[in-house]
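Read off the chains here:
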Amino acid sequence: KAGVTQTPRYLIKTRGQQVTLSCSPISGHRSVSWYQQTPGQGLQFLFEYFSETQRNKGNFPGRFSGRQFSNSRSEMNVSTLELGDSALYLCASSVGDRNGYTFGSGTRLTVV
Amino acid sequence: DQQVKQNSPSLSVQEGRISILNCDYTNSMFDYFLWYKKYPAEGPTFLISISSIKDKNEDGRFTVFLNKSAKHLSLHIVPSQPGDSAVYFCAASDGGGSNYKLTFGKGTLLTVNP
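One line per chain: the protein sequences are V and E, in this order.
Per the working numbering, the very first residue in the first sequence carries number 806; after that it's consecutive.
Per the working numbering, the very first residue in the second sequence carries number 185; after that it's consecutive.
Possibly wrong hints are sitting among the right ones.
As the list claims (entries may be wrong) - Examples of chain V residues lying across from chain E (beta carbon under 8 Å, computed):
#1 GLY847
#2 PHE908
#3 GLY909
It is worth saying that the hints were derived from the structure and are not from the lab.
What you are looking at is a predicted structure, and each value in this text was computed from that prediction instead of being measured.
Yeah, the Cβ is synthetic: ideal placement off N, Cα and C, and Gly gets one too.
Required output: the full structure, derived from the provided sequences and hints.
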């Protein structure tokens, strides 16, 4: 079966712009989580959605937002980009429990 | 405050020997632990997990040990193979209510030399 698909794979944006990243979960998976990976901080939890509702949110500023659609696809938006937002953004999906999330390959965002 | 710590940024072992990756946690509410493996330019891949009601879980060459009193877990890979070379992340969840958030360590780069 198809895995978790994230688009685009690579993105270059200018400081101050906004960006939208997309994630299509594995068919049947209703939970989608987003993580930010940077060299110094490892993987940090952004938020988790289940059946279009945000169930959990990490310690990120309000510039980071997300949503989930009725088909479980999810988008993440970052407004007013800063240089420090440069990172690999990973999306993971699961059926809704803790038995191992399946991650996508990520979107590499570079802010210049 | 880092709740999941992987104190060794890197580890190098010879092919065929045992690799032991360590992880410490501070949050006593964590009750479910996972290990993920990550190759460059790919997302993390789930390896093995353990619930706090157990102290050991095996899956082929991979075994995870949990010492709740010490708040410590370790991943043993026996025998190590060159294809195991990757970054390994330890993750934990407290699972309270609908809390499916995973807290990750910063990872350990394992290099298995032929």
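Here is what the structure says about each hint:
1. Annotation: interface hint on GLY847(V) holds; nearest CB of chain E at approximately 4 Å, less than 8 Å.
2. Taken as an interface hint, PHE908(V) checks out: its beta carbon lies about 3 Å from the nearest beta carbon of chain E, inside 8 Å.
3. Contact between GLY909(V) and chain E, as hinted, is supported at the beta carbon level, the nearest pair being about 5 Å apart and thus within 8 Å.
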